[in-house]
Amino acid sequence: MRAQPGSGGMQRARALLLESLAATIAAPDMNAWPQVLRAAADGHGLVMNWRGLLADAPDTAAVRVAHALEMGPVGMQAWYAAWPTEGAQPPLEFAAAAAGLVAGREPLLVLAAPVDPSGGDSGALIDGESCARMTVAGFDPETELRLGNCEELLASAGDLVNLAGHGASGAVTPQFLIIGLKWHAPAGD
Amino acid sequence: MRLLAIEQEPRVQALIRHHASCRWPAVEVVAYPPLERGAIPAEFLAQGFDAVLLAQSWPGGDGMDWLRDLGNRAGFAPVVFMLDQEDARAREAAVGWGAFAVVSKHRFAHAALLDSIEAASHRHRLAMAEWRVSAAARESHRFGDAHIPGYRRARLLARGSVSHLYIAESEKAEGLVVLKVTPSQRDDSGIDQSFERFLQEYEIAERIRHPNIVHLHELGIADDHAYLAMEYFPLGDLRRRMKAGLSPAESLQYAVQLAEVLGAIHEAGILHRDLKPGNVMLRTAEQLALIDFGMAKQAALQMELTDKGLIFGTPHYMSPEQGHGQRLDARSDLYSLGVVLFELLTGEKPYRADNPMTVLYMHRNTPIPRLDPRLARLQPLMDRLLAKEPEDRYADAAATATAICAARAQWLAEANGA
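From first to last, the protein sequence lines stand for chains A and B. Residues 70 to 258 in the numbering used here are what the first sequence lists, from first letter to last. Residues 1328 to 1745 in the numbering used here are what the second sequence lists, from first letter to last.
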């Protein structure tokens, strides 16, 4: 096989975020999340900064997260959110918006997912190439985002994370985990 | 999971790879850009792949035509056809021509693509499992008397006195390979000379990593036979290319590549000793690859051959000293390069006669032929390359490459100025 330049690194970065999510879901309670995430980041020689609650709506939260990643050091940053879910899929709205914000920024990845079933069974893991993949897959990201077609849009880029059957329900308010990763310093730094 | 993606657009290849890696992290997606790679060889059945993804179109190409061809090949891996846009009639036609599944590249649906690939892979694995235990499979692994698992015989390419050449499909390599199979022939001392030669050829090509040298995949033994699996060149050799006609600039460019690869070989202390157009293959229209190191020898071992009074090589391309069983050095190969360049430029060999001995005599005694007047400015170069005495030739391959490069640059400059 002819390996694609950088594809191995991106695979590892994606695997790290998915492993971190799995570890968080398995954690006994929310208080353990920072510790679990630090251990996951540490395993890859990365620092993890726990940022606490994201109180904004998903599209605004996406701006906050993308900015924090852009300005922050190499490593992981994590937040949690408690978005309402009636008739909406907030982590997907968040991820679709974030995809547009980190477009072209190769070292940045963002994962947003529910940690218990009350938040739905879909999350998303986007990166700097997500928008390009959506375009190649025949979707216009801005239009689809405006139409609220986030699930199909993220699926077209291969960025949807299926969490069917994950975790134990019981939370009064659905909890969402958001992890940002700056995988390495951008070229030229 | 191993996929072959017949798709010209690198961004779509990357998209396929990304999607597939979501479900199969270790997926191997081999890109086959049709414009660069050309038509899929008739013998290729993609049996080493779980599925083949085929684009509906690319600039100047029609995937539906390819599907008609591939769909007619018994045993070809399942094809997932990728429409440019959703189109019910095209979808129906693709299924009619044998597509296992059809997906649309416009508004790409992740699950539909992966489910199609998974189903195709499942069917292919079942079919392959059935096929592997069949009599047909056993027969397809048969190369003459040798049974070589892991390779499916496509056809016999050439039958030689010491080895037979087959085109085969490898389960490990990306596609077709040339399989060189030799019978076990032990001499009085119990040494299998053919195997020794194979081993030498493999070691030389492995040792000299150079872009203009054939890739060897495997040296193995099956039953009482040794075999060598090597790169297959669908574009054929330099003889075929010459028939299509070559400009002087193209000829000189090819000669530069040959000088460079000879430099790499000589630097490793090896002489090729059998440089000729039939041993020079076209990897692409621009890139050559040297094959057949069966005649190559460590420079230090030359006397062993002359002591026995044996002459190896092809008379038309032999240096005067090689033709007369004298001690050889790198300049002998460079003389052969001169003969090849002469033929590339003129379409003819410099010395022709009815019998090989006369040709050998002419290499030593007949004056160097004159080039056609329109090529006259290349005559000084040719005179150095084809000099009768080694000391009158260029000192080494690097000097030869430099001289040919300079001649080419001058030729192009004058052609552009004219």
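Hints are computed from structural coordinates only; laboratory data are not their basis. In this text, a Cβ means the ideal position worked out from N, Cα and C, and glycines have one as well. Be careful, since some hints might not be right.
Unchecked claim - A few chain B residues facing chain A, derived, Cβ under 8 Å:
#1 1342
#2 1348
#3 1352
#4 1538
#5 1539
request  = Hint by hint, work out which the structure violates, then give me just those numbers in ascending order.
outcome  = Checked against the structure, the hints that fail are numbers 4 and 5, while the rest are satisfied.
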